[in-house]
Structure formats: C-alpha cells, structure tokens
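Enquirer: Residue numbers (this note's numbering), protein chains in the order written: chain A, 1 to 201; chain B, 1 to 295.
Keep in mind that the hints were calculated from the coordinates and are not lab data.
Just to be clear, a hint being listed does not mean it is correct.
27 Å max Cα-Cα, derived DSS-like pairs, lysine-lysine [to be verified]:
hint: 1; chain 1: B; residue 1: Lys32; chain 2: B; residue 2: Lys205
hint: 2; chain 1: A; residue 1: Lys140; chain 2: B; residue 2: Lys205
hint: 3; chain 1: B; residue 1: Lys201; chain 2: A; residue 2: Lys69
hint: 4; chain 1: A; residue 1: Lys121; chain 2: A; residue 2: Lys12
hint: 5; chain 1: B; residue 1: Lys16; chain 2: B; residue 2: Lys82
hint: 6; chain 1: B; residue 1: Lys16; chain 2: B; residue 2: Lys222
hint: 7; chain 1: B; residue 1: Lys82; chain 2: A; residue 2: Lys69
hint: 8; chain 1: A; residue 1: Lys189; chain 2: B; residue 2: Lys32
hint: 9; chain 1: A; residue 1: Lys96; chain 2: A; residue 2: Lys143
hint: 10; chain 1: B; residue 1: Lys82; chain 2: B; residue 2: Lys13
hint: 11; chain 1: A; residue 1: Lys137; chain 2: A; residue 2: Lys115
hint: 12; chain 1: B; residue 1: Lys165; chain 2: B; residue 2: Lys222
hint: 13; chain 1: A; residue 1: Lys189; chain 2: A; residue 2: Lys121
hint: 14; chain 1: B; residue 1: Lys205; chain 2: A; residue 2: Lys137
hint: 15; chain 1: A; residue 1: Lys96; chain 2: A; residue 2: Lys69
hint: 16; chain 1: B; residue 1: Lys99; chain 2: A; residue 2: Lys188
hint: 17; chain 1: B; residue 1: Lys165; chain 2: A; residue 2: Lys69
hint: 18; chain 1: B; residue 1: Lys13; chain 2: A; residue 2: Lys137
hint: 19; chain 1: B; residue 1: Lys159; chain 2: B; residue 2: Lys82
hint: 20; chain 1: A; residue 1: Lys137; chain 2: B; residue 2: Lys222
hint: 21; chain 1: B; residue 1: Lys201; chain 2: B; residue 2: Lys159
hint: 22; chain 1: A; residue 1: Lys188; chain 2: B; residue 2: Lys165
hint: 23; chain 1: B; residue 1: Lys222; chain 2: A; residue 2: Lys163
hint: 24; chain 1: A; residue 1: Lys188; chain 2: A; residue 2: Lys69
hint: 25; chain 1: A; residue 1: Lys115; chain 2: A; residue 2: Lys188
hint: 26; chain 1: A; residue 1: Lys163; chain 2: A; residue 2: Lys69
hint: 27; chain 1: A; residue 1: Lys189; chain 2: B; residue 2: Lys165
hint: 28; chain 1: B; residue 1: Lys82; chain 2: B; residue 2: Lys293
hint: 29; chain 1: B; residue 1: Lys32; chain 2: B; residue 2: Lys82
hint: 30; chain 1: B; residue 1: Lys16; chain 2: A; residue 2: Lys189
hint: 31; chain 1: B; residue 1: Lys99; chain 2: A; residue 2: Lys140
hint: 32; chain 1: B; residue 1: Lys82; chain 2: A; residue 2: Lys189
hint: 33; chain 1: A; residue 1: Lys115; chain 2: A; residue 2: Lys69
hint: 34; chain 1: A; residue 1: Lys143; chain 2: B; residue 2: Lys99
hint: 35; chain 1: B; residue 1: Lys222; chain 2: A; residue 2: Lys188
hint: 36; chain 1: B; residue 1: Lys169; chain 2: A; residue 2: Lys137
hint: 37; chain 1: B; residue 1: Lys165; chain 2: A; residue 2: Lys137
Just so you know, these numbers come straight off a predicted model, no measurement behind them.
One-letter residues, chain by chain:
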Amino acid sequence: MVEYHFTTPITKEDVQKLRIGDVIYVTGTVFTARDEAHERALEMAEKGESMPINFEGLAVYHCGPVVRKVGDQWEIVAAGPTTSTRMDIFEEEFIKTFGVNVIIGKGGMGARTVKAMQEYKAVYTAFVGGAAVVAAKGIKRVKEVHWLDLGTPECLWVLEVEKFGPLIVGIDTYGDSLFQNVADQAQKKLPQIGEFLGITF
Amino acid sequence: MTFYTLIEDTTVKLLKFAATQLPNDVSEALKKMQEEETIPPSKAALSTIVDNFGIAEETATPMCQDTGIHIYYVNIGENFPKVIGIEEILRRASARATKEVPLRPNAVNPIVGGNSGDNTGRHIPFINYDFIPGADFLEITVFPKGGGSENMCALGMLKPGQGIKGIKKFVIETIFNAGGQPCPPVVVGIGIGGGADIALKLGKKQLMRPLGQRHPEPEIAKLEEELLEAINMTGFGSMGLGGEVSTALDVKIDYAHRHPASLPVGVAIQCWAARKSTARIYQDGRVEFLTHKED
C-alpha cells in the first residue's frame with residue numbers, strides 16, 4: 001500500500017504507477033458528474049458540442065453534493081460519493097471521449113469499466129461512502145457550476161480541491177479490481193456459509 | 001405558539017438531529033467495530049467513518065450528502081386528540097428543514113422528471129401511521145432513507161415449500177448482490193410473510209429497533225444472530241473493501257402470518273449512516289426527545 005499525492009492535470013503516466021490498495025490524495029480541479037451529467041456530456045459530445053470545461057487530466061467525482069448559496073457564492077456543505085455502478089453504462093465512452101484518468105466514487109465498477117480502464121489507462125478510486133464532511137474539508141471552493149437545470153445533485157460542479165482523500169485505488173490500469181477480489185473471496189466462502197446455515201447454494 | 005407549530009418545530013428539529021447526529025447505539029457500535037476490524041482497507045474506511053460522524057455532530061452538518069428521502073413513522077396515542085392536519089404539518093417541516101439544515105432536495109418526479117427542490121412531492125414525505133393503545137402522546141420518528149442502500153433492498157416471493165432455508169438463502173444472495181454498494185457496515189431488516197408490501201414494510205420497520213436488541217421470540221432471535229454471523233462471514237467488509245467483522249452491524253427480523261400459498265421475504269438494507277430520530281409530544285405541550293439530546 002503506497003501513498004501518492006497528485007496535482008491536476010493527472011497524466012496517464014501518473015496513474016500507471018498505481019496498483020489496487022494504494023492511496024492517493026488529489027490537489028487541483030475535480031468535477032462532479034452523476035447519471036444525468038454523464039448522459040448530457042456524452043450526448044453533447046456526440047453532436048460535436050464542446051464541454052463547459054476541458055475534462056482532460058481532471059478527476060471526475062461521482063457525487064451529488066449538499067450545497068448552500070451564500071450571497072452569490074456557492075458553498076459545498078456535504079459531498080460524499082454516490083454508488084458508481086450506476087455510471088457503468090456511460091463510463092467506457094466517458095473515459096474514451098474526454099481523457100479523464102481518475103474516477104472517484106464508491107462501491108466499485110463493473111467488468112466493462114475495468115476493461116476500459118485497462119485499455120484507456122484510467123484508475124478508479126474509492127472514497128468512503130457517506131463520509132461527506134471529511135470530503136467537504138478537502139474542497140476549497142466551487143470554481144464553476146454548469147447545467148444547474150439538472151438540479152443541484154445532478155449538475156456539474158467544478159471544484160478546487162486540496163489533498164482531497166484518502167482515495168483508495170479500487171481498480172488499476174492493469175485490469176485488477178479490489179472489489180472483484182473481495183467478491184471472489186466471498187464466493188469461495190459460500191460453501192462454508194451454507195454449512196453454517198444448514199443450506200446449499 | 002399553537003400546538004401545530006409545536007409539532008412542526010419539533011419535526012424540523014428531528015430532521016436536523018437525524019441528518020447530523022447518529023443515535024448513540026449506532027455511533028458506539030461503529031467505534032467498537034473500528035477497533036475490532038483487522039483488515040487494513042476496512043479498518044481505514046471505518047476510521048474515516050468515525051471521524052466523519054464526529055465532525056458532523058460537532059459542526060451540526062449532515063454526515064452524508066445523501067440526506068435521504070423523508071419517511072415518517074407516526075404513532076398516535078389513542079388518547080391523543082390533536083392529529084388533524086398532521087400530514088400538512090410534516091410536509092411543511094420537511095420543506096423547512098431542507099432550507100434550514102440544509103438537506104439535499106431528494107424528491108424527483110419519476111414520470112416527467114424534475115426535482116421539487118424541497119423534499120416534498122406526491123406521496124413524499126411518506127408517512128406510516130400506527131396507533132398506540134392507551135397512550136396520550138404523539139410519537140414521531142423521522143427516518144431519512146438513503147438511495148444507495150435502498151437500491152439494494154429486495155423482495156422474494158418464495159414458495160412455502162422453500163421454508164426457513166429458502167429465506168436464509170434469499171437473504172445471503174441479496175447480500176452477495178449488494179456487495180459494497182449499500183455502504184456497509186449495513187443494518188439488515190427482514191420481514192417475512194403477510195404479502196409482498198407487508199414483508200417489505202415489516203423489514204424496513206425493523207430498522208427502527210435499537211442495535212443489539214433481539215426479537216422477543218427465541219426462534220426469531222436465533223435466526224437474527226445466525227444471519228448476522230453468516231453475513232459477516234462473506235468478508236465484504238466496510239464499503240466492500242474486504243473486512244472480517246464489518247459487513248453488517250445487525251440483523252432484525254419480524255414476521256406476519258402468511259397466505260397458505262405464499263412466503264414473501266422483504267429485505268431492507270440500511271447503510272452505516274443509520275439515521276433516525278424520535279420525539280414524543282404530549283397534550284400539555286411537553287416534548288421528549290428519545291434518541292437525541294436537545295442543547
């Protein structure tokens with residue numbers, strides 16, 4: 001388990017140093033995108049429209065924050081990760097299209113995304129689900145907000161972060177997934193669990 | 001202050017308590033688990049969780065950005081006369097707390113889209129009503145339910161021949177399917193029998209019981225303990241990062257008699273941020289908070 005500190009833009013070379021179980025902290029720019037922002041970004045890209053900011057080398061955060069407007073400035077109150085598997089249907093295309101190398105979320109992602117990460121050299125990192133106040137501490141300010149019509153949880157928040165983490169590398173660029181390993185281990189324990197409960201699987 | 005304002009103000013307080021402070025049984029259980037866990041990623045995740053709810057409580061900030069969809073359990077003392085308009089009062093409290101705490105607006109129209117912006121909408125907040133025989137108070141429990149864990153809930157319409165073994169199997173399969181997604185350590189509420197909706201409602205209602213408390217019937221209590229141990233044997237651990245003791249905090253079960261032809265099993269899953277708050281309001285205007293302390 002190695003600890004790394006990265007500043008955006010994060011390069012393909014940077015992320016290829018990482019293996020599952022490593023811990024990273026990110027300083028620089030992170031943007032949030034959940035289901036609807038992923039969908040909109042990809043739809044716009046397909047039509048050849050440009051994004052409100054250049055996503056390349058930034059970290060995308062699966063997060064719908066609690067926000068507050070103080071005067072004309074937005075403030076992030078709580079900002080933990082949301083379940084990443086919902087973005088499995090978009091992520092391969094998203095990584096490929098926008099050159100995002102670091103994904104931050106929770107719960108891991110599926111086989112299709114694991115494969116895409118190996119192919120396009122990106123990593124998936126897990127922030128502790130629900131640890132919204134710890135996350136908010138690493139967020140210095142809201143730089144920009146776009147697509148507010150999607151609602152405050154779903155829109156695109158562009159955030160300035162400092163030592164944002166700890167982020168545990170869950171999927172690396174070598175096709176390894178910590179979540180898959182844990183699931184495989186659990187699968188191996190199934191006969192033992194069955195015996196304990198007096199049932200067969 | 002009118003009685004209706006008192007109910008509304010108390011409910012706003014309950015919503016703030018629930019979002020910002022874990023009930024004691026939950027925070028103590030998580031701290032204990034953090035000490036006992038041996039696998040590094042899960043132990044680290046639990047440390048972050050403990051830090052997080054500590055800061056949330058100190059700063060009166062929501063501990064999780066998903067402040068849940070608003071569910072209320074309203075228990076009406078049979079001798080408590082003033083419940084007219086309760087639904088409107090609770091809706092107002094949800095909208096007010098959304099601004100004042102603040103809470104994330106989580107009420108989305110599933111047909112035409114769009115977030116209502118204040119946590120109210122058609123049938124939301126959802127209110128469960130019960131009567132308490134002989135009581136002269138109104139008891140309101142606020143249960144803000146997160147979406148990540150809710151998405152892992154499951155209903156099994158088993159064949160009666162599958163029996164208790166079938167129930168155990170369905171529960172373990174549900175946990176396998178969920179893995180790290182519902183933000184473990186989880187609390188699992190299981191409802192057996194009744195009917196499809198009844199099983200799920202009973203399952204969810206079990207999440208109101210304090211951690212560690214066993215069902216009064218010994219067969220059910222034993223099943224709760226067995227399933228808790230079996231779920232932790234899976235080794236998913238906190239946040240699905242792999243852990244020895246931290247997949248589940250507790251398992252709670254209740255049942256209803258079933259139709260001869262059906263064996264419904266409802267499995268409700270709650271994340272580590274097992275938030276709830278309860279207060280009793282008496283006729284004379286006294287308010288008693290059962291899960292949290294007022295400043």
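Enquirer: Can the restraint linking Lys16(B) and Lys222(B) be considered satisfied, given a maximum Cα separation of 27 Å?
Expert: With a Cα-Cα distance of about 36 Å, the restraint between Lys16(B) and Lys222(B) is violated, given a limit of 27 Å.
Enquirer: Can you confirm whether the C-alpha distance between Lys163(A) and Lys69(A) stays at or below 27 Å?
Expert: Between Lys163(A) and Lys69(A) the Cα gap is close to 24 Å, so the pair holds against 27 Å.
Enquirer: Run the distance test for Lys222(B) versus Lys163(A): straight-line Cα separation, threshold 27 Å.
Expert: Judged against 27 Å, a Cα distance of about 47 Å means the pair is violated.
Enquirer: Starting from Lys137(A), check that the Cα of Lys222(B) is at most 27 Å away, please.
Expert: Answer violated: Lys137(A) to Lys222(B) is near 43 Å, above 27 Å.
Enquirer: Is it true that the CA of Lys201(B) sits at most 27 Å from the CA of Lys159(B)?
Expert: Answer holds: Lys201(B) to Lys159(B) is near 20 Å, not above 27 Å.
Enquirer: Check the hint pairing Lys188(A) with Lys165(B) against an upper bound of 27 Å on the C-alpha distance.
Expert: Holds. Lys188(A) to Lys165(B) sits at ~20 Å (cutoff 27 Å).
Enquirer: Can you confirm whether the C-alpha distance between Lys189(A) and Lys32(B) stays at or below 27 Å?
Expert: holds (25 Å)
Enquirer: Taking only the CA atoms, is the gap from Lys159(B) to Lys82(B) under or equal to 27 Å?
Expert: violated (44 Å)
Enquirer: For the pair supplied as a hint, Lys165(B) and Lys222(B), confirm whether the alpha-carbon distance does not exceed 27 Å.
Expert: holds (14 Å)
Enquirer: With the threshold set at 27 Å, check whether the alpha-carbon distance from Lys13(B) to Lys137(A) stays at or below it.
Expert: OK: Lys13(B) and Lys137(A) at ~25 Å, within 27 Å.
Enquirer: CA of Lys165(B) to CA of Lys69(A), is that 27 Å or under?
Expert: violated (53 Å)
Enquirer: Below or equal to 27 Å on CA atoms is what counts here, so check Lys205(B) against Lys137(A).
Expert: violated (34 Å)
Violated hints for the displayed structure, listed by number in ascending order: 2, 3, 6, 7, 11, 13, 14, 15, 16, 17, 19, 20, 23, 24, 29, 30, 32, 33, 36 and 37.
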